[in-house]
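Protein chains: 6
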Amino acid sequence: MDRNGGGGSDPADVQGQAKDAAFRPRFMEVPTFLRLPLAETAAGLDIALSGIPFDLGVTNRPGTRHGPRQVRDLSSLQRTRHPTMNVEPEAQCRLADLGDVKINPFSIEDSVARIQAFYDAVRGHGARPLTVGGDHLTTLPVLRALKPDAPMGLIQFDAHCDTGGPYMGQPLHHGATFKLAVEEGLLDPKRCVQIGIRGSLSEAGQWRFSYDSGMTVVPIEAYFDRGWRDVIQEARAVVGDGPVYVSFDVDGLDPIYTPGTGTPEPGGLPMHEAQRMIRALQGLDVVGADVVEVSPPFDPTGNTAMVAGTILFELLCIMADRLNPAP
Amino acid sequence: MDRNGGGGSDPADVQGQAKDAAFRPRFMEVPTFLRLPLAETAAGLDIALSGIPFDLGVTNRPGTRHGPRQVRDLSSLQRTRHPTMNVEPEAQCRLADLGDVKINPFSIEDSVARIQAFYDAVRGHGARPLTVGGDHLTTLPVLRALKPDAPMGLIQFDAHCDTGGPYMGQPLHHGATFKLAVEEGLLDPKRCVQIGIRGSLSEAGQWRFSYDSGMTVVPIEAYFDRGWRDVIQEARAVVGDGPVYVSFDVDGLDPIYTPGTGTPEPGGLPMHEAQRMIRALQGLDVVGADVVEVSPPFDPTGNTAMVAGTILFELLCIMADRLNPAP
Amino acid sequence: MDRNGGGGSDPADVQGQAKDAAFRPRFMEVPTFLRLPLAETAAGLDIALSGIPFDLGVTNRPGTRHGPRQVRDLSSLQRTRHPTMNVEPEAQCRLADLGDVKINPFSIEDSVARIQAFYDAVRGHGARPLTVGGDHLTTLPVLRALKPDAPMGLIQFDAHCDTGGPYMGQPLHHGATFKLAVEEGLLDPKRCVQIGIRGSLSEAGQWRFSYDSGMTVVPIEAYFDRGWRDVIQEARAVVGDGPVYVSFDVDGLDPIYTPGTGTPEPGGLPMHEAQRMIRALQGLDVVGADVVEVSPPFDPTGNTAMVAGTILFELLCIMADRLNPAP
Amino acid sequence: MDRNGGGGSDPADVQGQAKDAAFRPRFMEVPTFLRLPLAETAAGLDIALSGIPFDLGVTNRPGTRHGPRQVRDLSSLQRTRHPTMNVEPEAQCRLADLGDVKINPFSIEDSVARIQAFYDAVRGHGARPLTVGGDHLTTLPVLRALKPDAPMGLIQFDAHCDTGGPYMGQPLHHGATFKLAVEEGLLDPKRCVQIGIRGSLSEAGQWRFSYDSGMTVVPIEAYFDRGWRDVIQEARAVVGDGPVYVSFDVDGLDPIYTPGTGTPEPGGLPMHEAQRMIRALQGLDVVGADVVEVSPPFDPTGNTAMVAGTILFELLCIMADRLNPAP
Amino acid sequence: MDRNGGGGSDPADVQGQAKDAAFRPRFMEVPTFLRLPLAETAAGLDIALSGIPFDLGVTNRPGTRHGPRQVRDLSSLQRTRHPTMNVEPEAQCRLADLGDVKINPFSIEDSVARIQAFYDAVRGHGARPLTVGGDHLTTLPVLRALKPDAPMGLIQFDAHCDTGGPYMGQPLHHGATFKLAVEEGLLDPKRCVQIGIRGSLSEAGQWRFSYDSGMTVVPIEAYFDRGWRDVIQEARAVVGDGPVYVSFDVDGLDPIYTPGTGTPEPGGLPMHEAQRMIRALQGLDVVGADVVEVSPPFDPTGNTAMVAGTILFELLCIMADRLNPAP
Amino acid sequence: MDRNGGGGSDPADVQGQAKDAAFRPRFMEVPTFLRLPLAETAAGLDIALSGIPFDLGVTNRPGTRHGPRQVRDLSSLQRTRHPTMNVEPEAQCRLADLGDVKINPFSIEDSVARIQAFYDAVRGHGARPLTVGGDHLTTLPVLRALKPDAPMGLIQFDAHCDTGGPYMGQPLHHGATFKLAVEEGLLDPKRCVQIGIRGSLSEAGQWRFSYDSGMTVVPIEAYFDRGWRDVIQEARAVVGDGPVYVSFDVDGLDPIYTPGTGTPEPGGLPMHEAQRMIRALQGLDVVGADVVEVSPPFDPTGNTAMVAGTILFELLCIMADRLNPAP
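Chains L, W, Z, X, S and F supply the protein sequences, listed in that same order.
Counted the way the UniProt record's numbering counts, the first sequence spans residues 1 to 327.
Counted the way the UniProt record's numbering counts, the second sequence spans residues 1 to 327.
Counted the way the UniProt record's numbering counts, the third sequence spans residues 1 to 327.
Counted the way the UniProt record's numbering counts, the fourth sequence spans residues 1 to 327.
Counted the way the UniProt record's numbering counts, the fifth sequence spans residues 1 to 327.
Counted the way the UniProt record's numbering counts, the sixth sequence spans residues 1 to 327.
Some hints could be false.
Okay, the calculated bits of chain F under chain Z, using three or more residues with CB under 8 Å as the criterion [as the list claims (entries may be wrong)]: (1) 31-38; (2) 98-109; (3) 190-204.
Among the chain L residues that face chain X by a calculated CB cut under 8 Å, a handful are [claimed, not checked]: (4) L45; (5) T59; (6) R65; (7) P105.
These are computed hints drawn from the structure, not numbers from a lab.
Keep in mind the model is a prediction, meaning the values are calculated, not measured.
By construction, the Cβ of each residue, glycine as well, lies at the ideal position given by its N, Cα and C atoms.
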C-alpha cells in the first residue's frame with residue numbers, strides 16, 4: 001500500500017499528482033498517524049507508530065481508550081517537513097502506522113501483557129516504537145519490550161512524577177509507571193528527568209521515590225524560574241549519550257492546551273516551550289517515545305488531540321533524524 | 001489485509017480470538033466504514049463503500065468535506081448483523097472501504113469529473129457503490145458513472161426536492177442534482193419518489209420540476225398523515241422492479257437527530273420510521289445508495305455521524321441481501 | 001433602507017440580482033429577524049417584529065436576555081414563502097424588525113414599564129407586534145400595551161400554565177404572567193387555551209388559577225391521547241372569532257428541540273405537530289404573538305434558536321395572511 | 001439535617017420561609033438526588049436513594065462513573081409532586097440520599113462485592129433501594145442484595161437485552177447482567193419483560209438467552225406497532241402481583257434524549273411514552289429500581305442527566321405510592 | 001458527619017480504608033468544596049467555606065448563580081496537601097462547607113441583606129469566610145459582615161477595578177463593589193491593590209475612584225513589564241501587616257483559563273503566575289477571601305470551575321497556615 | 001440612524017439616557033461591528049468597517065464565511081475607549097459598519113471581483129477600510145482596491161507566510177495572497193514584515209518567496225527569543241513612514257486563543273503581546289487593516305470571535321488616532 005494511506009488506486013487522479021502530498025487534501029482519507037501508510041507488521045520499518053486504546057490504569061476520569069483514534073484524525077494537520085530543523089522524517093526513514101494494540105477492556109494485567117507482546121514484535125523487527133496512548137500505565141509494557149541491555153534514561157514531560165505505590169491494592173496504575181520501571185531495572189533513575197511536576201498532593205511523600213532514587217525532578221515553579229533552555233540543557237546532561245526514552249504526558253502542558261485529559265493541573269508548561277525542548281533533544285539516542293493521556297470525551301473540540309498530533313510530529317523528527325540524519 | 005482493518009499481525013492476540021468480531025473492542029483501530037477492510041480498488045467486490053469529502057456544492061453552511069471521516073469513526077458502533085432481517089452483509093457479499101475520492105477543493109467542475117472517474121472504476125469492476133458524502137451534489141456524478149441502460153428509479157429521503165435551477169449562475173449545486181439527473185436521462189421521473197419534503201421556500205415554484213416531471217413528492221405533512229407504511233408502499237409501487245438508487249440526505253430526518261447538516265429544517269422524519277422504510281425496500285434492485293450532507297463542524301457531539309452510520313448499515317443490508325440473499 | 005437589511009448600496013452586485021432574495025447568501029449581513037429590513041419606528045408597518053432581551057423574571061436558569069440576538073442569527077435560515085400555505089408575508093404586508101426594547105438589567109418593574117412603553121408606540125402606529133423574548137414575563141407588558149377593548153383570547157403553547165402567585169414576594173415573574181393578565185382584564189379566561197402542560201409540581205394547586213378561572217388546559221397526556229388535530233380544533237372553538245394572542249414558550253416543545261431554555265420539561269410537544277397547530281390557526285384574528293424563553297447559553301449549538309426562528313416564521317405567516325390574505 | 005440538604009441553619013433566611021420548598025431556588029445548595037436530605041445510613045427510611053459511580057463493566061465507551069454526580073445536579077429541576085398522579089413522595093414516605101457506593105476503580109469483582117455489601121446494609125434497614133448508575137452491571141449486585149425469597153419479576157427499559165455470555169473471558173459485564181441474575185435465581189424469566197430492544201447484533205444468537213429462558217422481549221419495532229399502552233399492559237400481566245424490579249437503561253430511549261451513554265442505538269423509545277409506561281406501573285410491588293448508563297462526558301449539555309432525573313422522579317413516585325398510598 | 005462528606009456509614013467499605021483519602025475515588029460522592037465535610041453552622045470552625053449563587057449584580061452576561069455548584073464538583077480534583085508549601089489545611093484547621101446562602105432571585109437589595117446575615121452568623125462563630133461567588137457584588141456584604149475595627153486591606157485580582165458609580169440608577173452592581181466598600185469605611189484604599197486591570201472603557205474616568213482614593217492599581221501592561229514577583233512584593237508592602245481581604249475575580253485571568261465568566265477581557269493574567277502570587281501572600285493576616293464570577297453556562301467544558309477550584313485551594317492554604325502554621 | 005444601531009426611536013427610554021453608551025446593555029440590539037451605526041455607503045466616513053463572508057480560498061477546513069456575523073455579535077463586548085492610549089475612535093472619526101460584501105458562494109474569481117468592487121466604492125468615498133474576513137485570500141482584492149500610488153508596506157501577524165504558489169492549479173487561495181500582492185506591485189516586499197511564522201511544511205521551499213523577495217520574516221522561535229518589543233520595533237523600522245496595511249490572521253495567535261480557525265498551529269503568539277504590538281504601531285499611516293480566518297463552526301464557544309473583536313478594536317484605535325489624533 002502506498003503512502004496515500006489506503007485510498008486505493010485512486011481512479012479519480014486525472015492529473016498524475018498522486019505522489020505529491022501537497023495535492024492530497026488533508027481532510028480526506030482514512031486517518032492514520034501523520035497520514036503515514038498503514039502496515040501489518042513492523043518488518044522493514046525504522047520507526048513504528050502505534051496506538052494503545054487503554055484507560056483501565058486511571059484513578060479518576062477515563063476516556064484515553066479513545067485517544068489514538070482522535071490523534072490519528074487531528075494529526076492530519078501535520079505536514080511532512082519540520083519548520084526549523086532540516087528534517088523530513090519520511091524522506092529519512094521507513095515509517096508506518098501499525099494500528100492499535102488490541103487491549104482487553106476488562107483486565108489491566110492481560111492488557112499489559114498484550115501491549116508488551118505487541119512491542120516485542122515491533123522490537124523483533126528492529127523498529128523503534130513511537131506510541132500514542134492510552135493512559136500513562138501503557139508506557140510500562142513498552143519499556144519492558146525494549147529489553148534494554150542496561151537501564152535506560154528517561155525524559156518525561158508531566159504534571160505528575162508517576163512514581164507512586166499501589167492504589168487500592170493495585171500496583172499497576174497510571175501513577176506508578178516509573179517507580180515500577182526503575183525497580184524492574186528498565187530505567188536508571190540517575191538518568192531520569194521529570195519536567196513540569198505540580199499539583200496538590202495526597203500526602204507529603206507522594207513522589208518521594210523520584211527524589212530518593214535519584215531522579216532529577218523539575219517542579220513547574222523551578223521550570224518557570226530557570227527557563228526552558230536551562231532546564232533542557234540539564235536534562236541532556238542528566239541523560240547523557242546512552243539510550244533514552246521520551247514520554248510526553250499531555251497533562252504536563254497547561255490544560256488550556258490539553259483540556260481533554262484525566263487529571264488536569266492548571267499552571268503547566270507552555271506549548272511553544274515544550275516544542276523547543278523536544279527539538280533540543282536532537283541527536284540524542286531516543287530509542288522510543290510516546291504521547292499519552294489524551295482523553296477525547298473531555299475535549300469535544302479536538303484541540304487536545306491536535307496538540308498531541310503536533311507533539312507526535314516533533315518526537316518523530318528527532319527520532320528519525322538520529323537514525324538517519326539529513327545530509 | 002484481513003477484516004481487522006489494518007491492525008497488523010496482532011502479536012498481542014494471545015487467545016486466538018482474532019477472527020471474532022466480538023473480541024475486537026469497537027473503539028480501537030484505524031476507523032473504516034463499518035469496520036470493513038480497506039481495499040485499493042473495487043476488484044472482486046460486490047459492494048464498494050467510499051467517501052466523497054466535498055462541500056463546494058452548498059448554498060449555505062459548508063463542512064460536509066469532513067463528513068466521511070467522522071462517519072467512519074462513528075460507524076464503528078455498528079455490529080455485523082441486522083437486528084430484524086436475516087442479513088449479515090459480510091457473510092453474504094464481498095465488501096470493502098475504498099477510501100475517499102480525491103476531490104479538488106477549488107473546483108466544482110473538476111471535482112465532479114474526479115468523482116465520476118472514481119465511480120467509473122468502481123463500476124468497471126462490477127461493484128455496486130455505497131457512498132458517504134459530501135453534499136448532495138455528489139450524487140450526480142455517481143449516477144452518471146452508473147451509466148444505466150435505461151433511466152433508473154430513485155427513492156430519496158430529504159427535506160428538499162433538490163430539483164432547482166442554477167443558483168447565481170451555477171448549474172451544479174446541491175439543490176439541483178435531481179433535475180440535472182432527470183434531464184441527463186439518468187433517472188426516470190415517473191419512477192422517482194421524494195419523501196420528507198418541507199421547509200420555507202424562496203419562491204412558489206422552487207420545486208416545480210419535481211411535480212411537472214412526474215416525480216412522486218411526499219411532503220412531510222402528507223407523510224405524517226398517511227404513516228410510513230403507506231408511504232413506502234407507494235414508493236415501492238412507483239419504482240417498480242427495475243434498478244433503483246437510494247439517496248438518503250440526513251436533513252430528511254428532523255434536526256434533533258442530525259443537527260450537523262447545512263440546511264436543517266425542523267419538523268422532519270423520525271429516525272425509527274426511516275429505518276423501517278429502508279428495511280421495507282428489501283428485495284428491490286438497489287444498484288447504488290448514499291448517505292449525504294453530514295457536516296461535522298455543526299455537530300461537535302458526533303451524533304449526526306452516528307445516525308448516518310446507522311443508516312449506512314441499513315442501506316448496506318438491503319443492498320447485500322438482494323445481491324446474495326441469506327439462505 | 002431596503003430589504004437587504006443594511007448591507008449598503010452593494011457595490012459588489014455586478015449582476016443586477018440585488019432584488020432577488022435567492023441570490024443573497026443566507027450567512028451574510030447583519031442579522032435581523034427573518035432577514036427583514038430594520039426600521040426605527042413602527043410607522044407604516046402592518047406587523048412589527050422586535051426583541052425583548054430580558055431574563056429578570058426567571059426563577060431558575062437565566063440567559064434569555066441573549067435570546068433575541070441568536071434568534072435573529074438563526075432565523076436567516078427561513079426563506080420567504082410558506083411551504084404549505086399560499087402565504088408570503090413580505091408580499092402581503094409591510095414588515096420590519098424594530099430592534100430590541102431597551103430593558104433595565106437591574107429592575108423588573110422598570111423593565112416592564114419600558115416594554116409597555118415600547119409596545120404602546122408600536123400600537124400607536126397601528127402595527128401588530130410579533131416578539132422574540134425574553135422570559136415569559138415579557139408577554140405581560142405586551143398584552144397591556146395592546147389595550148384591548150374587551151379581554152382577549154389566548155392560545156399558549158407551554159409546559160407550564162404560568163398562572164402562579166407571587167414567588168418570594170415578587171408578583172412579577174415568568175410563572176405568573178397569565179394570572180395577572182386575566183386579573184387585569186387583558187385576557188378572557190373562557191377564551192384561553194394552554195397546550196402542552198406538564199412537569200412535576202411544587203404543590204397540588206400550583207396551576208389552580210387556570211382551572212378555577214375557566215381556562216382550557218390541555219395537559220401533555222391528553223394532548224398525546226387526543227392528537228394535535230382534535231386539540232387545535234378545540235382551541236379554535238374556545239377562542240372563537242375575536243381577537244386572540246398567541247404565545248409560544250419554547251419549553252412547550254420537548255427539550256430535544258429546544259434545550260436552550262430555563263425550565264426544560266422532558267416529554268413535550270413534537271415540533272412538526274406544533275407547526276401544524278399554528279397553521280391551523282390560519283384565519284384567526286391574531287392581534288399579537290411571541291416566541292419566548294430562548295436561553296442561548298444553555299444551548300451552544302444554536303438549535304434552540306433555529307427552532308424558534310422557524311416558529312417565528314409560522315406565526316408571521318398566519319398574522320400576515322389574516323391582515324391581507326393572498327389572492 | 002433537615003430537608004434543606006445541608007445548607008446549614010440558614011442565617012440568611014430572614015422571612016421564615018425555610019420550610020417552603022418554593023422559596024429555595026433550585027440552582028443553589030450541594031446537590032442531592034431530587035434535593036432530598038442526605039443520610040448516613042438507611043435506618044428509618046422507606047426508600048433509600050444512592051449512586052454507583054462505576055463503569056468497569058462497559059465494552060465500549062466509559063464514563064458512567066461520573067453519572068451519579070451529574071444526575072444529582074440536574075435532578076434539582078424536579079419539584080416535589082407528580083403532575084398527573086396524586087403522589088408526593090416526601091409526604092408519603094421517609095426518603096434520603098445515602099451518597100455513593102465506594103467502588104474500587106481497578107476491580108470489577110471487588111466493586112461488585114462492595115456494591116452488594118452497601119445494599120445488604122440498605123436492606124438490613126428495611127429500605128427499598130432506588131439507584132442511579134453506573135453501567136448496567138451495577139444492577140446485578142443490587143439484585144443479589146435484595147435476596148428475594150423467590151425469583152423476582154423484572155421490567156427493563158433498554159436497547160439491549162443484556163443477557164449475553166462472557167466477553168473476552170469476563171462473565172461480569174454490562175451486557176450479561178440479566179442472564180446472570182436469572183441463573184442465580186434472582187429473577188424469574190417468565191416474569192421478566194424487556195422493552196425497546198434494537199440495534200445491530202454481533203451474532204444471530206446474541207440475545208438468545210432471553211428468548212430461550214422465557215423472557216418477554218419487546219423489540220422496538222413491535223413496540224411502535226403495538227403502542228405503549230398495549231405493551232405496558234402486557235408487561236403488567238407478565239410480572240403479575242409479586243415483587244418486581246424496574247431497571248431503566250437510558251439507552252432504551254432514543255439517543256436524541258440521552259446522547260450521554262456508552263452504546264447509543266438510534267431509533268429508540270420516546271420519552272413521553274416512557275413516562276406513561278412507568279406511571280402505568282402504579283400499584284405494582286416495586287421492591288427496587290434504577291436508572292443506569294448515564295455517561296456525562298459524552299453529553300456536555302447535561303440533557304441526558306436531566307432526562308435521567310425525570311425518570312428517577314417517576315420511579316420514586318410509583319415506589320412511594322405503593323408503600324404508603326396517598327389518601 | 002465525618003470527612004467523607006455525607007456518604008453515610010459506608011457499608012461497602014470492606015477493607016477498613018474509610019479514613020484514607022487516597023482510597024476515596026474523586027469522582028464519587030455528593031460534591032462539596034474541596035471534598036470537605038458539610039456543616040450546618042460555622043460553630044467550631046476556623047474557616048468556613050460557602051457559596052453565593054447570585055448574578056443579579058451583572059451588567060452583561062448572567063449565570064454566576066450556577067457557579068458554586070460547579071466549583072464544588074470540579075474542586076474534587078484538588079488533593080489535601082499543597083505542592084510547594086508545607087501546608088495541609090485539614091490537618092491544621094477546622095474546616096467545613098456550609099452550603100449556599102439562600103439568595104432572593106428577584107431582589108438585589110434583599111439578597112445583599114441575606115448574604116450579610118449569613119456571614120454575620122459565620123463571624124459570630126469566629127470563623128473566617130472563604131467564599132465562591134456569585135458575581136463580584138457578593139463581596140460587598142461579606143466585607144460588611146466582617147465588621148472590621150479599622151478599614152481593611154485588599155488584594156484584588158481582576159480585569160476591572162470595580163470602583164464605578166451607579167449603573168442605570170442602581171448603586172449595587174458588580175462594577176461598584178470596592179468604591180462602596182471604601183466609602184463605607186470597610187476598606188482602606190491606601191492598603192488596596194488591584195492587579196490585572198485592563199479592557200476597553202466606557203469613559204476616560206471609569207476607574208478614577210481607584211486612583212483618586214489612593215488605591216494601588218496595576219494595569220496588565222505594567223504587570224507584564226514588571227513581572228509577578230515585583231508586583232506581589234509591592235502588594236505585600238501596600239497592605240502591610242494588618243487584616244487583609246483577598247478577592248479573586250476569575251476574569252483577572254486570561255479568558256483562555258476562565259472563559260466561563262460574564263465580562264471576559266482577553267490579554268490577562270497567566271494562571272501559573274496567579275498561583276505564585278497567592279503563595280507569596282503566605283503569612284499575611286487574610287481575614288477572608290473569595291473566588292467570584294464563575295458563570296458555568298458560558299463554559300460547558302467546566303474548565304473555568306476547575307481553575308477556580310485550584311485557586312480556592314491556594315487561598316485556603318494561605319488562610320489555614322496563618323491561623324495555625326504547620327510545625 | 002443614530003449610534004444606537006437601528007433600535008428605533010426607543011420609546012422605552014424613559015430616563016433620557018439614550019445617548020449614553022453606558023446605559024445601553026451590551027447584549028441587546030442587532031449586532032454591528034463594535035456596536036457602530038450601520039451605513040449604506042462609505043460616504044462621509046473616515047473608516048468603513050465591513051465583513052467578507054468568504055471561505056472558498058481555504059485548503060483545509062472551511063467556515064470563515066460565518067466569521068463576520070459572529071465577530072459582530074461578540075465585538076459588542078468592546079466599549080468605546082482604549083484602556084491605555086488616549087483614543088476614543090467614535091469621538092475622533094466618522095465610523096460605520098457597511099455590512100457584508102455579497103460574495104458568490106460558487107466562484108472564487110467572481111467573489112474576488114465583487115470584493116474589489118465593494119472596496120473600490122469605499123475608496124471612492126475616501127474612507128479607509130477595516131475588514132473582518134473571510135479567509136486570507138480576501139485581503140488580496142482589498143489591497144487591489146486600495147490602488148496605491150506606490151507599493152505599500154505590510155505588517156502581517158500570521159502562522160503562515162501565505163506566499164505560496166498555485167495549489168491544485170488554483171493561483172487564488174488563502175496561502176498565496178501576499179506573493180500575488182507583491183507580484184502585482186501592491187506591496188513592497190522590502191517593507192513587509194511577517195510575524196509569528198511556524199508550523200510543519202509541505203516542502204523545504206514553501207515560503208521561499210518571502211525570503212527571496214526581501215520580506216522580513218519573524219519565525220515564532222525568533223519572536224520568543226527576541227521579545228515583542230524588539231520585534232515590533234524592527235517592524236516599524238522596516239515599514240517606515242509610508243502607507244502600510246496591517247493584516248491580522250487569527251491563526252497567528254496560539255490556538256488556545258483562537259481555536260475557531262482553519263489551519264491552527266500550536267505554539268503561537270500570546271494575545272497580550274499581540275495587543276501590545278498593535279498599540280506600538282500608533283502613529284503609522286495605516287491605510288487599511290483586517291482580521292481574518294475566524295471560522296465559527298470550529299469554536300462553538302465563540303471565544304475566537306471575542307478575541308477577534310478585541311483585535312478589531314485595537315486596530316481601529318490606531319487607525320482612528322492617526323487620522324485625527326486626540327488632543
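Mind checking the CB of R65 (chain L) against every CB in chain X and telling me if the closest is under 8 Å?
It holds, given that the least Cβ distance between R65 (chain L) and chain X is near 7 Å, below 8 Å.
So is the region 190-204 of chain F in contact with chain Z by the C-beta rule, three or more residues under 8 Å, or is the coverage claim wrong?
violated (count 0)
Should the hint that P105 (chain L) touches chain X count as held when the rule is a Cβ pair under 8 Å?
It holds, given that the least Cβ distance between P105 (chain L) and chain X is near 6 Å, below 8 Å.
For the hint on L45 (chain L), just tell me whether its beta-carbon gets within less than 8 Å of chain X.
Violated: closest Cβ of chain X sits about 29 Å from L45 (chain L), beyond 8 Å.
Check whether three or more residues of the region 31-38 of chain F sit with their beta carbon closer than 8 Å to a beta carbon of chain Z.
holds (count 3)
Within 8 Å of chain Z (C-beta), three or more residues of the region 98-109 of chain F:
Contact hint for the region 98-109 of chain F vs chain Z: holds, 7 residues under 8 Å.
Chain X contact restraint for T59 (chain L) - C-beta distance below 8 Å
holds, 6 Å
Checked against the numbered hints given earlier, the structure breaks hints 3 and 4 and satisfies all the rest.
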